[in-house]
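Put chain L on the given structure of chain F with help from the hints.
2 protein chains.
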Amino acid sequence: MEMSEEIATTAGWREFGDDALSPPLRAALGVFARHGYHGASIRMIAEAAGLSVPGLYHHYRSKQAILAALVDTAMAEMLANTAAAADDAGDDPVTRFENVVECLARFHMARRDQAFVASTEMRSMEPEVRAHHVGQRDAQQEMIEDAIRAGVDSGDFACEFPEDAARAIASLCVSIANWYRPDGPLSADDVVCRHVEFARRLVGAAAR
Amino acid sequence: MEMSEEIATTAGWREFGDDALSPPLRAALGVFARHGYHGASIRMIAEAAGLSVPGLYHHYRSKQAILAALVDTAMAEMLANTAAAADDAGDDPVTRFENVVECLARFHMARRDQAFVASTEMRSMEPEVRAHHVGQRDAQQEMIEDAIRAGVDSGDFACEFPEDAARAIASLCVSIANWYRPDGPLSADDVVCRHVEFARRLVGAAAR
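Note that the protein sequences, when read in sequence, are chains F and L. Counted from 1, the first sequence has number 194 at position 194 by full-length UniProt numbering; the numbering is strictly sequential. Counted from 1, the second sequence has number 86 at position 86 by full-length UniProt numbering; the numbering is strictly sequential.
Just chain F, same shape as in the assembly (with noise of 0.2 Å):
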């Protein structure tokens, strides 16, 4: 099927395609997922990135750079597509909530590592890593938040709690990283749909 370039940048933020790592960071990232971050050493990441140990410090000054880096990245990365599966929605308060959703469902089955180590290792960070990366978070649960108000306000939904009801979706998304599998029962569509009706369910949406 042909794609107008409007419709293909407009439908851009349901794609996850490359995830725009470095080679070193995309290293990084096997590494800490299955040794954890105070598990994994400098060397085992130069090693699993073809580098030597002063090639890959050349790179990065340090292994909490490394982590700093590599988890920016994938939340700079969900903020944006988030955002503009937020905008794709036009006025529709529903459309923009469902979108959201949408759009953090695909990024955590996309971006399964990236999720799982920037969730644990919020232990591992330094105390300025730490409080950029929950700034990420808190923008990522306002965009939810602010998508409920809206459909609250238009009379679309019925939420007592928004802000709970936002961490509440994000959690769901979250934890989607953990037990989805490509190969599994469920299709990456079928994981969008279900997520999206219990995210509907959750601020009280009208049955469809």
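There may be inaccurate statements among the hints.
Just the calculated beta-carbon pair ranges, DEER-fashion [what the hints assert, rightly or not]:
(1) F:D190 - L:L79: 25 to 31 Å
(2) F:P54 - L:A83: 54 to 60 Å
(3) L:A83 - F:G50: 49 to 55 Å
(4) F:S154 - L:D91: 24 to 30 Å
(5) L:A80 - F:A206: 37 to 43 Å
(6) F:D190 - L:A80: 30 to 36 Å
(7) F:A80 - L:A188: 24 to 30 Å
Chain F regions said to be covered by chain L (calculated; three or more residues, Cβ under 8 Å) [stated by the list, open to error]:
(8) 32-40
(9) 162-168
(10) 175-182
(11) 197-207
The hints are simulated quantities; they were obtained by calculation from the structure and are not laboratory data. All C-beta atoms, glycine included, are put in the ideal place defined by N, C-alpha and C.
Relative to the frame of chain F, chain L by itself:
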């Protein structure tokens, strides 16, 4: 307030007091939670427990045996309390479902470190330990799913995908361990109320 013995017994599933961990396991829990399994050494655990390394080996033959015992103790407690919560509901499927959700929410507030270590260190479990742990998690999810199906059969719930809804509810409760703080803005009872309501909405329970 004086409570009869009968009330104290049937309501016992709501109480998560002493964690029933041996001192070496409690020490290991702290070390694993801070450093991760691969970043933790037997020496660190022995020091935290106030034991010599040979003294620790007297209790547990390996770091893997410590992880296995730690996670098994937590999961066994969760399963026992959830079963008690379900039994406590008698024949009413809605109360049974709500009790199971409440118990899971309370467990994940009372046992935050255990929940974190169990979910992040699946990767570090040797095959047998992992299989045992997965079996316990499946048993947990089945208790939720059974409660949902009973409510669907009785006409109290409208839920097309009980298995997916059970997984979503388990994920929601597990995630409480990541953000709940005893000194945070929500009391434990607030968290329970909101999550029981979220879970009711997920399974399509009639509004109260």
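Verification of the supplied hints:
1. F:D190 - L:L79: 25 to 31 Å: holds, 29 Å
2. F:P54 - L:A83: 54 to 60 Å: Distance hint for P54 (chain F), A83 (chain L) holds at roughly 57 Å.
3. L:A83 - F:G50: 49 to 55 Å: The hinted range 49 to 55 Å holds for A83 (chain L) and G50 (chain F), with Cβ atoms some 52 Å apart.
4. F:S154 - L:D91: 24 to 30 Å: violated, 42 Å
5. L:A80 - F:A206: 37 to 43 Å: The hinted range 37 to 43 Å holds for A80 (chain L) and A206 (chain F), with Cβ atoms some 40 Å apart.
6. F:D190 - L:A80: 30 to 36 Å: holds, 34 Å
7. F:A80 - L:A188: 24 to 30 Å: Because 37 Å falls outside the window, the suggested range is violated.
8. 32-40: It holds, with 8 qualifying residues against the three required.
9. 162-168: Since 4 is at least three, the answer is holds.
10. 175-182: Coverage by chain L holds for the segment 175-182 of chain F (3 residues, Cβ < 8 Å).
11. 197-207: holds (count 4)
Violated hints, listed in ascending order, are 4, 7; each of the other numbered hints is respected by the structure.
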